[in-house]
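K.L.:
Sequence:
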Amino acid sequence: MALKHVVLSGLMLLPLPAWGDQYIMYVGSYTAGPANVTPPPDPSKGIYAWRFDSKDGSISPLGLVAETAQPAHVWIAPNGKTLYSVNWETNGGVSSYRIDPKTGALSFLNKTSSHGAQPNQVVVDPSGQVAVTVNYTSGSLAAYKLEPDGKLGEAFYVAQHTGKPLSPKQPGPKQHGIQFSKDNKFMFIADLGLDRVYSYRFDAAKPSITPFDTPFVNTHAGAGPRRLQMSPDGKFLYVDHESDSEVSVFAIDGGNLKELQVIGTLPQGVTVQNTTAEIIISADGRHLYVSNRGHDSIAIFGIDRASGRLTHKENVPSGGRIPRNIRFDPTGNWFFAANETGGNLTEFKVDKASGHLTPTGVTAPITTPGGMYFLRVK
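Residue numbers (my numbering): 389 to 766.
Do not take every clue at face value.
For each label pair, taking beta carbons as the anchor points, the in silico distance ranges come out as [to be verified]: (1) P427 - S742: 36 to 44 angstroms; (2) P489 - E455: 17 to 25 angstroms; (3) D571 - P427: 47 to 55 angstroms; (4) T426 - P489: 38 to 46 angstroms; (5) K740 - D571: 31 to 39 angstroms; (6) P559 - D430: 41 to 49 angstroms; (7) P514 - E647: 22 to 30 angstroms; (8) S596 - V425: 38 to 46 angstroms; (9) D430 - A694: 46 to 54 angstroms; (10) T426 - D591: 48 to 56 angstroms.
Please keep in mind that the hints were generated in silico from the structure rather than gathered at the bench.
Beta carbons: idealized from backbone N, C-alpha and C, even for Gly.
When you get a sec, could you build the whole thing from the sequences and use the hints?
P.N.:
Okay, structure coming up:
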């Protein structure tokens with residue numbers, strides 16, 4: 389039988405080998421280009437993809453798979469059939485694409501309003517029934533029921549955060565991160581501009597979202613909570629502080645949060661201007677990683693899985709400038725950093741015992757890369 393070819397943006401996408409080690413790595417981008425970079429590089433055009441072999445860490449480009457404005461963050465539904473991206477614009481949007489798992493090609497399904505300005509994350513709940521986005525500039529969130537074909541339905545819940553900042557250096561409501569609880573009954577939102585972490589009751593089947601009895605907890609003034617990650621056992625929530633280069637550790641009791649620890653992401657004595665960006669945890673729950681923009685490093689922490697507390701182990705150079713996004717491949721053996729103004733992706737080999745990252749020398753050029761997501765080839 390003849391192979392079916394798919395042509396996107398002048399690049400012919402051939403069916404990928406159906407090997408257990410093969411994945412497609414999707415990477416969003418900031419198509420407006422980096423600020424304050426002279427001379428300005430050629431702008432990216434949307435969502436790009438690479439073939440990735442988890443056996444040896446090799447990658448090969450598939451090119452532009454979806455031309456779209458400002459797809460800063462991407463997420464794939466649990467069934468692997470649909471990819472979602474934000475459109476990080478003043479009139480913000482969220483877009484959906486059908487995935488051809490054999491070629492990596494994306495087919496546009498629909499786009500809907502984010503009900504705010506500059507949405508910077510979209511996340512699908514573990515059941516695959518609901519997508520939620522948060523808007524940075526407007527400080528609002530929106531949740532959508534997902535249709536059987538993967539399209540985004542109309543928003544069934546929209547909320548605008550309000551309140552007075554704890555610190556004069558904070559701008560007011562600026563939502564930045566989403567995390568669902570392991571039992572899918574709660575949702576947590578980081579609001580950078582109010583120094584708050586919000587808790588919501590969540591029901592994917594109805595669907596419904598309701599603010600928790602105690603709607604939020606405060607970080608310290610001026611912290612700037614940005615992104616969230618939960619321990620694999622669901623007992624602890626980790627939140628990186630963009631503004632002061634720290635991480636908060638919270639104990640989770642249903643929707644209630646109690647802060648246990650605050651720890652810095654920079655080496656002792658370092659005073660470089662820095663902001664944190666992304667935070668991720670290894671699948672075994674033993675190590676936590678935070679990207680530092682300015683110091684241009686990945687901070688590595690050991691996790692005491694009984695107490696949830698962190699120990700700072702080391703900082704590893706990210707291999708580029710301004711590492712905004714970081715992600716493990718699905719095997720946990722490889723680690724990628726998306727260096728926003730460095731114009732590249734960099735790969736590291738993971739030592740699962742120590743948490744150490746060793747650069748492999750594998751890099752991929754891409755102007756202003758954004759979020760990353762992997763899909764196994766079928």
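K.L.:
The hint says 17 to 25 angstroms between P489 and E455; measuring C-beta to C-beta, is that right?
P.N.:
The hint (17 to 25 angstroms, Cβ to Cβ) holds, given that P489 and E455 are roughly 21 angstroms apart.
K.L.:
Does the Cβ-Cβ separation between D571 and P427 fall within 47 to 55 angstroms?
P.N.:
holds, 51 angstroms
K.L.:
Given the range 46 to 54 angstroms, decide if the beta-carbon distance of D430 to A694 lies inside it.
P.N.:
For D430 and A694 the Cβ distance comes to about 50 angstroms; the hint holds.
K.L.:
Starting from the range 48 to 56 angstroms, see whether the pair T426 and D591 falls in it by beta-carbon distance.
P.N.:
holds, 50 angstroms
K.L.:
Could you check the hint for me, namely that S596 and V425 are 38 to 46 angstroms apart, CB to CB?
P.N.:
Roughly 44 angstroms apart at Cβ, these two residues keep to the hinted range, so it holds.
K.L.:
So does K740 sit 31 to 39 angstroms from D571, Cβ to Cβ?
P.N.:
At 27 angstroms between Cβs, range violated.
K.L.:
Please check whether T426 and P489 have a Cβ separation lying inside 38 to 46 angstroms.
P.N.:
Given range 38 to 46 angstroms: holds, Cβ gap about 41 angstroms.
K.L.:
Just tell me: holds or violated, for the beta carbon distance of P559 and D430 against 41 to 49 angstroms?
P.N.:
violated, 32 angstroms
K.L.:
May I ask you to test the hint 36 to 44 angstroms on the CB atoms belonging to P427 and S742?
P.N.:
holds, 41 angstroms
K.L.:
Does the beta carbon distance between P514 and E647 stay inside 22 to 30 angstroms, or does it fall outside?
P.N.:
holds, 25 angstroms
Hints 5, 6, counting from the list given before, are not met by this structure.
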